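**Q** Heads up: the sequence lines are chains Y and G, in that order.
Each residue of the first sequence is one higher than the last, beginning at 1245 in this note's numbering.
Each residue of the second sequence is one higher than the last, beginning at 15 in this note's numbering.
If you're looking for bench data, these hints aren't it; they were derived computationally from the structure.
None of the values given here were measured: they were computed from a predicted structure.
We put the beta carbon where it would ideally sit given N, CA and C, even for glycine.
Watch out, some of these pointers could steer you wrong.
[Claimed, not checked] No more than 16 Å apart at the CA atoms, straight line, and that leaves these computed lysine to aspartate or glutamate pairs for EDC-like: (1) G/224 x Y/1518; (2) G/32 x G/162; (3) G/224 x Y/1570.
[Unchecked claim] What follows is a set of in silico ranges between Cβ atoms, one per label pair, in the way DEER data are often shown: (4) G/103 x Y/1410: 45 to 51 Å; (5) Y/1414 x G/455: 53 to 59 Å; (6) G/166 x Y/1508: 51 to 57 Å; (7) Y/1410 x G/455: 52 to 58 Å; (8) G/166 x Y/1345: 40 to 46 Å; (9) Y/1593 x G/222: 54 to 60 Å; (10) G/166 x Y/1364: 50 to 56 Å; (11) Y/1425 x G/149: 47 to 53 Å; (12) G/330 x Y/1414: 27 to 33 Å; (13) Y/1327 x G/223: 30 to 36 Å; (14) G/393 x Y/1345: 54 to 60 Å; (15) Y/1429 x G/222: 27 to 33 Å; (16) Y/1345 x G/222: 50 to 56 Å; (17) Y/1334 x G/223: 57 to 63 Å.
[What the hints assert, rightly or not] Computed footprint of chain G on chain Y; a stretch qualifies when at least three of its residues, placed anywhere within it, have a C-beta under 8 Å from a C-beta of chain G: (18) 1292–1305; (19) 1567–1573.
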Amino acid sequence: MRLHSSSSATDRRWHGGRVGGGWRRWFPVSSQVTADGRGLVTVVGVLSLVGLLMVYSASFVMAGKKYGDAFFFLKRQGINLGVALVLFVAAARVSLDRLRERMAHIAVAILALLVAVLVVGETVNGANRWLRLGPIHAQPSEGVKLFAIFYLAHYTSKWPDRLNRLAGSIPPIVVIGLGMGLIVIEPDLGAAALLALLTGLLLFLGGAKMRHLFCFALPCALLAVAAVVAAPYRVARVVGYRNPEADPLGSGYHILQSLTALGSGGAFGAGPGEGKQKLFFLPETHTDFIFAVIGEEFGLIGTLAVLALFVTLLFFGLRIARDQIDPFRRRLALGATLMVVLSAMIHMGVATALLPTKGLALPFISYGGSSLSVNWMAVGLLFNIARRDD
Amino acid sequence: MSTTDLKHEKVTVIGIGKSGTAAAAWLARQGADVLVVDDRPQEIPDALREGGIRFHLGEWTEGDLFSSDRVVVSPGFPVRRLPMARLRAAGIPVVGEIEMAAAQISAPILAVTGTNGKSTTTTLIGDILNAWGMSVFVGGNLGRPLSEAIGGTWDFVVVEVSSFQLETIDRFHPRVAVLLNVTPDHLDRYPDFKAYRLAKWRIFKNQTPKDYAVLNNDEQIPPTISATTAFFSRTVAPARGVFLRDGRIMARLRDGEAEPILKTDEMKIHGVHNEENALAAVAATTVCGAPLSAIRQALATFPGLPHRMEFVREVHQVRYIDDSKGTNVGAVAKSLAGIAAPVILIAGGQGKGCDFAPLREIVLRKTRRLILLGEAQAEMARCFADHPAVDRVSSMEAAVATAHAHAVAGDVVLLSPACASFDLFRDYRHRGDLFKQAVAGL
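Using the sequences and the hints given, assemble the complete structure.
**A** See below:
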């Protein structure tokens, strides 16, 4: 039935009555995505390809020695990327409104996973951060970040006036604080610190008062100091990062090797695969110090290019957020953007000795399925939000 | 214009009403050199006594415009009176108060226009956003001028915009623009209905696909809309929008599911046009992400605005309804359509150049008696010559007395004039208040 035949708006109102039940409720037919959304995915696609290249370059020597297969990490990262892309599509297509209705279920599931890590998790290098289920090898602490941005966007926009009072900030801080506490016990202080930073930022952007946030930040800071003081290696890292030469073979070792890698790369780099630092001088090159390998092999040009890609990602993410009228979507877009960009900034800060040594992945580039999946899902949420309604 | 540009700029503000006053006060605070002009000599409002503002009240000249760097026009002032071409040639921009204020506001703006129901819908949208817990500024053509919203920390700004205000817009860019309905009105100020409708459609002019246009599915749709559309309809279920089904307001906006909002009889406001206003308000707030709970709460408690289908009193099972704001043919038709009982209609006043013929069918079908007042009564009596019972009276008291004398149990006595009020009364409020007084005296 048509009332007027020729106007485009008229066509729009009679087309595409998307009705249906079951999974259609959860994954409605997706619609046009804005230029910002497409730009964002292009940037992230390039970053992921750079990631595959760098993971191979950083790991082939070590993989060849350890596993007898130079492509060991490249292959696994390829599979990780495939999984991440599937999750990206799911996040880009899922009905955010349906997801919001299930917030409590999601919270319980995430906390349960964190408890499971502590009970049946795998211990690697002294930290209990991994869950293994058959071939799946996951780091639930990464998922907590994604949950936190979703939950904070939901909470601050569903009850916007609650944050005017101190008590209004308590529910999100308790929920996320529980997750954070479980991550501290693992222990993974870096992930916990990033989570705290994200939570504080998003509560502030959601309208919480600075003085209220300070009331929560103070005990957090005291706990953090206590946690650092309790473990001598952490004191050394925190104190040592400004002056790594003081203990070149101990606490200053990572950072000195990272700086050496960046320095030897110069302006144009040693060329792909030609880096020397990854030859066992610098540990964890394919994860926590991959930025240093980029600097050694591709020089200042390479590191600046990666930095520029993240700045572009920030630009598109903020534009998508700015365009939203619905505060939930605006804050979720902000949260997803900040989650990715803050992780990247901290990783680069560590590699360049601007921040204390802390093992955090460089989103889309570092080796690791959980990080890759969670960051691609954050981009999926942004893509979902950037979608136009017709 | 950025605020730094305004320092020491010479700005002439035309009109010293509420909007002009608020605009002049803000401009003076920015350090502009402000001159306020108005046709009528009147006292200077307290808000403008400081800041070195100059006044030419009662008498002003074109020189006051050409000596300035920009001109700000109050909503009530007809732009046609300005030498627009020469001002443009002299490089002096002319902006409406609403556009000046909107440019200074970073919160998303929801703008509502239409012939009838603007104030009700604007207020209702404000109520829903408030029930949600958002900090909201509600104003514009209704209540507080938009200039008063500048500098506030608002989550949303809801503004009622008249067709006159839309005439001067150039960059006014509402994130959500609502067009309720367009029926003939103000034809004394527009060459024809088409020109009036085009003025209303200007509200969508600067929107982009990232914005929303909320449109009445039951009316003609503007041909070129760049915004994402959401429709509301009383009669059909649009692919995306808000509609009525089995006496319930349903919303189908984002993800393809139609969700029931509430039953129309749970609302305190009634009648066809109030249902439309509610549908439009639901559509506008749902695209902002308002939760159903807030929408339900606001709709269930919103008492309606005075003089808009306002229930006054029941005397001997006859209900008296004040619809003094029904100042045009379209409003009266909708008011009548929303009443099931036989109606004694009190109408008339100062005509606005509109034809009463579109009312003939519904008036003849719904009204038992027609009581006519004011200047337009002769013209209306001619139009309804074949109505079985027409009275011509000279005052509101006489009108109510006549209605009372002829009403029987079950009737509705409705004041819905289809005309302006400026012949016998100060304004529509005065007219409605006199009606209420007369009804109270029965």
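**Q** If a hint holds in the structure, say so; if it doesn't, say that too.
**A** Comparing the hints with the structure gives:
Using a Cα cut-off of 16 Å, the hinted pair residue 224 of chain G and residue 1518 of chain Y is violated, with the two alpha carbons roughly 47 Å apart. Using a Cα cut-off of 16 Å, the hinted pair residue 32 of chain G and residue 162 of chain G holds, with the two alpha carbons roughly 10 Å apart. A distance of roughly 11 Å separates the Cα atoms of residue 224 of chain G and residue 1570 of chain Y; the hinted pair therefore holds under the 16 Å criterion. Between residue 103 of chain G and residue 1410 of chain Y the beta carbon distance is about 59 Å. The supplied range of 45 to 51 Å is therefore violated.
The hinted window of 53 to 59 Å between residue 1414 of chain Y and residue 455 of chain G holds, with their beta carbons roughly 58 Å apart. Here the CB-CB span from residue 166 of chain G to residue 1508 of chain Y is close to 56 Å, well matched to the stated 51 to 57 Å. Distance hint for residue 1410 of chain Y and residue 455 of chain G: a CB-CB separation of about 55 Å, consistent with the stated range 52 to 58 Å. Remark: the range hint 40 to 46 Å for residue 166 of chain G to residue 1345 of chain Y is contradicted by a beta-carbon distance near 33 Å.
Range check, residue 1593 of chain Y to residue 222 of chain G: Cβ separation about 37 Å, and the 54 to 60 Å hint is violated. Here the CB-CB span from residue 166 of chain G to residue 1364 of chain Y is close to 54 Å, well matched to the stated 50 to 56 Å. At about 34 Å, the beta-carbon gap between residue 1425 of chain Y and residue 149 of chain G misses the expected band of 47 to 53 Å. Distance hint check: the CB atoms of residue 330 of chain G and residue 1414 of chain Y are about 59 Å apart, inconsistent with the given range 27 to 33 Å.
Taken as a hint, the range 30 to 36 Å holds for the pair residue 1327 of chain Y and residue 223 of chain G, whose Cβ atoms sit roughly 33 Å apart. Checked against the given bound of 54 to 60 Å, the beta carbons of residue 393 of chain G and residue 1345 of chain Y, roughly 58 Å apart, stay inside it. Here the CB-CB span from residue 1429 of chain Y to residue 222 of chain G is close to 49 Å, at odds with the stated 27 to 33 Å. Residue 1345 of chain Y and residue 222 of chain G have their C-beta atoms about 30 Å apart, which leaves the hinted 50 to 56 Å range violated.
Take residue 1334 of chain Y and residue 223 of chain G: their Cβ atoms lie about 25 Å apart, and the range 57 to 63 Å is violated. Only when three residues or more bring their CB closer than 8 Å to a CB of chain G does the claim for the segment 1292–1305 of chain Y stand; here the count is 0, and the claim is violated. Here's how the segment 1567–1573 of chain Y fares: 6 of its residues keep a CB closer than 8 Å to some CB of chain G, so the rule of at least three is met and the hint holds.
The structure does not agree with the numbered hints 1, 4, 8, 9, 11, 12, 15, 16, 17, 18 stated previously, though it agrees with the rest.
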